[in-house]
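J.: Residues per chain are reported as follows:
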Amino acid sequence: MLAIQLEAEPFEPLQALAEWHQLLAAELGMLPAAESHFVGRVRPSGANDSPLTALELEHYPGMTEACIASLAAAAAGQHGATAVLVRHRIGLVLPGDPIVLVAIGADRRGPAQRCCQELLEALKHDAPFWKREWHADGSSAWITGNTAL
Amino acid sequence: MAVSADPPSQVQVHLFAGLREAMGWSEQLVELAPAADATPHQLWRQLGLQPAHPPAGVRVAINQQFATWDASLAAGDELAFLPPISGG
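Going line by line, the protein sequences match chains A and B.
Position 147 of the first sequence, counting from 1, maps to 147 under the numbering used here, and the rest follow consecutively.
For the numbering used here, count along the second sequence from 1 and bump the result up by 1000.
It should be emphasised that the hints constitute simulated quantities derived from the structure, not laboratory data.
C-beta atoms are modelled at their ideal positions from N, C-alpha and C, and glycine is treated no differently.
Errors might be hidden in some of the hints.
As the list claims (entries may be wrong) - Only some residues are given here: those of chain B computed to face chain A with a beta carbon under 8 Å:
#: 1; residue: PHE1016
#: 2; residue: GLY1018
#: 3; residue: GLY1057
#: 4; residue: ALA1061
#: 5; residue: GLN1064
#: 6; residue: ALA1080
#: 7; residue: LEU1082
#: 8; residue: PRO1083
#: 9; residue: PRO1084
#: 10; residue: ILE1085
#: 11; residue: GLY1088
Based on the sequences and whatever the hints tell you, model everything.
T.: And the structure:
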């Protein structure tokens, strides 16, 4: 069971999880025995340690959503997870604000945790998103790589 | 009797992020050369995208699916050049 959503406005991860739990309870009758969650937030400084005023996320409308769904289905299938939630920001995101939420429901902690990590890495490398760092002096720079694991 | 014209042999090309800003455009219709075996690599050169040889990390998508640089393009395709991805 996949729930994928791009967010153009700030979202609250705990509220998103509560909504997901309601959906799971309605669809599955009960919540999975194991869950793994990851929340990523915008760092206060950029690649060269200079303070950030915002991080901008560009995406490819249509392809990005389809890629996330495909990656989520593949990871869930490989690990036997029963439910996947992905919520990912687009647009301008402020330091400290959530940028991505990945949640996995499975029957055991191992598959839940492994699926969560694998899907997060897949999102970073194979879902078409591009980040641009904005600085206080009005300058900006596109990021051409991913942060360290 | 009306004779319908052949459909134009065009592809819609999209650029994103730093590549879009470097080139100064985000999308355009591109005419495919007649009888040419058009590929993303050939269109990269035809459009004068820089650098002349696509840098490592730039990927292509045809009709919103990842594709190879030597994949064949057909009229009506949507081609995108994707700078290095940095999501999550």
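J.: Now, for every hint given, state plainly whether the structure supports it.
T.: Status of the hints after comparison with the structure:
1. Look at B/PHE1016: its Cβ gets to within about 6 Å of chain A, closer than 8 Å, so that hint holds up.
2. Taken as an interface hint, B/GLY1018 checks out: its beta carbon lies about 4 Å from the nearest beta carbon of chain A, inside 8 Å.
3. Interface restraint check for B/GLY1057: the shortest CB-CB distance to chain A comes to about 7 Å, inside 8 Å, so the restraint holds.
4. Hint status for B/ALA1061 relative to chain A: holds, with the closest Cβ pair at about 6 Å, below 8 Å.
5. For B/GLN1064, the interface hint holds, since its Cβ comes within 8 Å of a Cβ in chain A; the closest pair sits about 4 Å apart.
6. Below 8 Å, beta-carbon pairs count as interface contacts, and B/ALA1080 has one with chain A at about 6 Å; its hint therefore holds.
7. The restraint placing B/LEU1082 at the interface with chain A holds, with a minimum CB-CB distance near 6 Å, inside the 8 Å limit.
8. For B/PRO1083, the shortest C-beta to C-beta distance to chain A is roughly 6 Å, which falls under 8 Å, so the interface hint holds.
9. Because the smallest distance between the Cβ of B/PRO1084 and any Cβ of chain A comes to about 4 Å, under 8 Å, the interface hint for this residue holds.
10. Of the supplied interface hints, the one on B/ILE1085 holds, with its beta-carbon coming within about 6 Å of a beta-carbon of chain A, less than 8 Å.
11. For the restraint placing B/GLY1088 at the interface with chain A, the shortest Cβ-Cβ distance is roughly 4 Å, inside the 8 Å limit, so the hint holds.
In the structure shown, no violation is registered for any of the earlier numbered hints.
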